[in-house]
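J.: Line order of the protein sequences matches chains V and Y.
Per the numbering used here, the first sequence starts with residue 636, numbered consecutively.
Per the numbering used here, the second sequence starts with residue 97, numbered consecutively.
Read the hints as simulated data drawn from the structure, not as lab findings.
Honestly, I wouldn't trust all of these hints.
Quick list of the computed label-pair ranges, beta carbon to beta carbon [to be verified]:
hint : chain 1 : residue 1 : chain 2 : residue 2 : range
1    : V       : Gly713    : Y       : Ser377    : 41 to 47 Å
2    : Y       : Ser377    : V       : Met636    : 18 to 24 Å
3    : V       : Val745    : Y       : Val236    : 48 to 54 Å
4    : V       : Gly713    : Y       : Pro157    : 39 to 45 Å
5    : Y       : Ala344    : V       : Gln746    : 40 to 46 Å
6    : Y       : Trp271    : V       : Trp643    : 23 to 29 Å
Straight line, CA to CA, 20 Å or less: simulated SDA-like cross-link-like pairs of lysine to any residue [to be verified]:
hint : chain 1 : residue 1 : chain 2 : residue 2
7    : V       : Lys694    : V       : Pro764
8    : V       : Lys697    : V       : Lys644
9    : V       : Lys644    : Y       : Trp146
10   : V       : Lys644    : Y       : Leu361
11   : V       : Lys644    : Y       : Thr370
Keep in mind it's a predicted model, so treat the numbers as computed, not measured.
Each residue gets a CB set at the ideal place from its N, CA and C atoms; glycine is no exception.
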Amino acid sequence: MNILIMLWKNLRRGYQTLLFPAHPRVTPHFRGLVQFDPELCTGCAVCRFRCTSRAIEFKAGKGEFTWSYNPGQCTFCGRCVEGCTEHALKEGHVEHALSQQEAVPPIYTVQGELKKSYTVARRPPAPKPAPAVSPVAPASAAVASTATGGAQ
Amino acid sequence: MTLLTALARLLIFPGLLFAVPAAWFFLWVERKSIALMQGRVGPPFMQPFWDFIKLLGKSTPPRPGITGLLMRAWPLIAVSAAAGAVGLLPVLPSSGGFEGDLILLLALLELPSICIIAAGFSSRSIFGEIGSAREAALSVSYNIVFLLAIVSIAASQHTFRLEALAAAPNSPLHWVGVLAILVCLPAKLHINPFSLPNAEQEIYAGPMTEYAGPELAMWELSHGLEWVAGTGLVATLVAPHIAIPLGAAWLAACIFVALCVVIVLLLSALAAATARLAIDSSVRFYWQCTLIFAILAVSSAILMRIRS
Numbered sequence: 636m637n638i639l640i641m642l643w644k645n646l647r648r649g650y651q652t653l654l655f656p657a658h659p660r661v662t663p664h665f666r667g668l669v670q671f672d673p674e675l676c677t678g679c680a681v682c683r684f685r686c687t688s689r690a691i692e693f694k695a696g697k698g699e700f701t702w703s704y705n706p707g708q709c710t711f712c713g714r715c716v717e718g719c720t721e722h723a724l725k726e727g728h729v730e731h732a733l734s735q736q737e738a739v740p741p742i743y744t745v746q747g748e749l750k751k752s753y754t755v756a757r758r759p760p761a762p763k764p765a766p767a768v769s770p771v772a773p774a775s776a777a778v779a780s781t782a783t784g785g786a787q
Numbered sequence: 097m098t099l100l101t102a103l104a105r106l107l108i109f110p111g112l113l114f115a116v117p118a119a120w121f122f123l124w125v126e127r128k129s130i131a132l133m134q135g136r137v138g139p140p141f142m143q144p145f146w147d148f149i150k151l152l153g154k155s156t157p158p159r160p161g162i163t164g165l166l167m168r169a170w171p172l173i174a175v176s177a178a179a180g181a182v183g184l185l186p187v188l189p190s191s192g193g194f195e196g197d198l199i200l201l202l203a204l205l206e207l208p209s210i211c212i213i214a215a216g217f218s219s220r221s222i223f224g225e226i227g228s229a230r231e232a233a234l235s236v237s238y239n240i241v242f243l244l245a246i247v248s249i250a251a252s253q254h255t256f257r258l259e260a261l262a263a264a265p266n267s268p269l270h271w272v273g274v275l276a277i278l279v280c281l282p283a284k285l286h287i288n289p290f291s292l293p294n295a296e297q298e299i300y301a302g303p304m305t306e307y308a309g310p311e312l313a314m315w316e317l318s319h320g321l322e323w324v325a326g327t328g329l330v331a332t333l334v335a336p337h338i339a340i341p342l343g344a345a346w347l348a349a350c351i352f353v354a355l356c357v358v359i360v361l362l363l364s365a366l367a368a369a370t371a372r373l374a375i376d377s378s379v380r381f382y383w384q385c386t387l388i389f390a391i392l393a394v395s396s397a398i399l400m401r402i403r404s
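Isolated chain V (complex conformation) (with noise of 0.2 Å):
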């Protein structure tokens, strides 16, 4: 007998889901579009291997690199953001100054005609640390950056 409710109440409330190609509402949670910003960046592609859903592409060159974003394939996981140490990349939702708009999933008709692509410079690489005085900082520094590594 509920289930026959149920049905009812499905009547008399109407369709919830959208004909193609209106835009679905999105909730406060959503996460949007990834945000990209070459000046941050610097071609470590942890954001590729981070994306299981081959959204980001990255292609290695001579003093400079690629790097491809499709929001059609994006499952707006949030996972390259999480990965980005050098904050190069961030969520597209409301906080980023996008409006409600620009942060719902974008609509496409042909494979992908939303794709972005970005050509950057490779930064020269940061200068060393200078050598330690005490015979046990170098050990403790080594501990340090494989405890970065292992968070990432």
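Start from chain V and add chain Y according to the hints.
T.: Coordinates of chain Y only, in the frame set by chain V:
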């Protein structure tokens, strides 16, 4: 019934010219109502028609080891049988018919099911074979009840002529028989909870797994025609007995379509409210629960006949 009347009934009304658009319409009503009950938008009005056209335009991929003639013949036989069954329905007043047309209708209603079983086995697909085996088991179960229900109605009126049955006054026994036919219709039309012969996402499409293009279009059409024939049979049996003059045949047609749509909505609500039963549960349902009910109906009909 003259040859001209028979041809008009078979080809124009309620035959092919009416039945094919009605089949698409009923398929749309079923899909749309189930979607609305599940909170979905559902397909647009013309969707079943465009599905049919799209399938007609597709080519069938080659299937090694499968003879083409049999695979092409089964859907055509199913469509012809279902269209013939619709053509026999006494929708219009004084539309003719002959003694024993009810038996022919039952045979024609059963033919699509037999074609489905044969098609599944001749496709040499494991999914087709499983679907066909399920269809055969289900067919054996629900057909006993279905035939007993029809026999009880016919025995109570002392006739096997459809027009006489449709015009007969509705007795309680008549309603018991109609109810038994309604119980069998979900299994005959392969909808939930008896959708196991073509169980989607379980055995792909069952007997239709190997079908594509125009042949699949014919299967879809035969399924739609089965809807028209099945619901039409119940509609003609429950239609109110009002004196309709021959000039106002459109009124009889409208009453028929309206009753069919009500039955389609009822069956759709059942399909939306239930989940698919396993084969043993389905067979048990028909053999244990419904068979007793149908036997009671037949015994009452025979008793009534002896008394009268």
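J.: Please go over all the hints and tell whether each is borne out by the structure.
T.: How the hints compare with the structure:
Judged by the Cβ atoms, the range 41 to 47 Å given for Gly713 of chain V and Ser377 of chain Y holds: they are separated by roughly 45 Å. A hinted range of 18 to 24 Å holds for the C-beta pair Ser377 of chain Y and Met636 of chain V, which are about 20 Å apart. Restraint check, Val745 of chain V to Val236 of chain Y: a C-beta distance of roughly 52 Å satisfies the suggested window 48 to 54 Å. Range check, Gly713 of chain V to Pro157 of chain Y: Cβ separation about 42 Å, and the 39 to 45 Å hint holds.
The hint said 40 to 46 Å for the Cβ distance between Ala344 of chain Y and Gln746 of chain V, and at roughly 57 Å that hint is violated. At about 26 Å, the CB distance of Trp271 of chain Y to Trp643 of chain V agrees with the hint of 23 to 29 Å. A threshold of 20 Å between alpha carbons decides the hint, and for Lys694 of chain V with Pro764 of chain V the separation of about 29 Å lies outside it, so the pair is violated. The suggested pairing of Lys697 of chain V with Lys644 of chain V is violated, with an alpha-carbon distance near 62 Å, which exceeds 20 Å.
A C-alpha spacing of about 31 Å is found between Lys644 of chain V and Trp146 of chain Y, which places the hinted pair above 20 Å, so the restraint is violated. A hinted pair counts as satisfied when its Cα atoms are at most 20 Å apart, and Lys644 of chain V with Leu361 of chain Y qualifies at roughly 16 Å. Note on Lys644 of chain V and Thr370 of chain Y: the hinted pairing holds, with a Cα-Cα distance of about 16 Å set against a maximum of 20 Å.
Hint compliance for this structure: hints 5, 7, 8, 9 are broken, all remaining hints hold.
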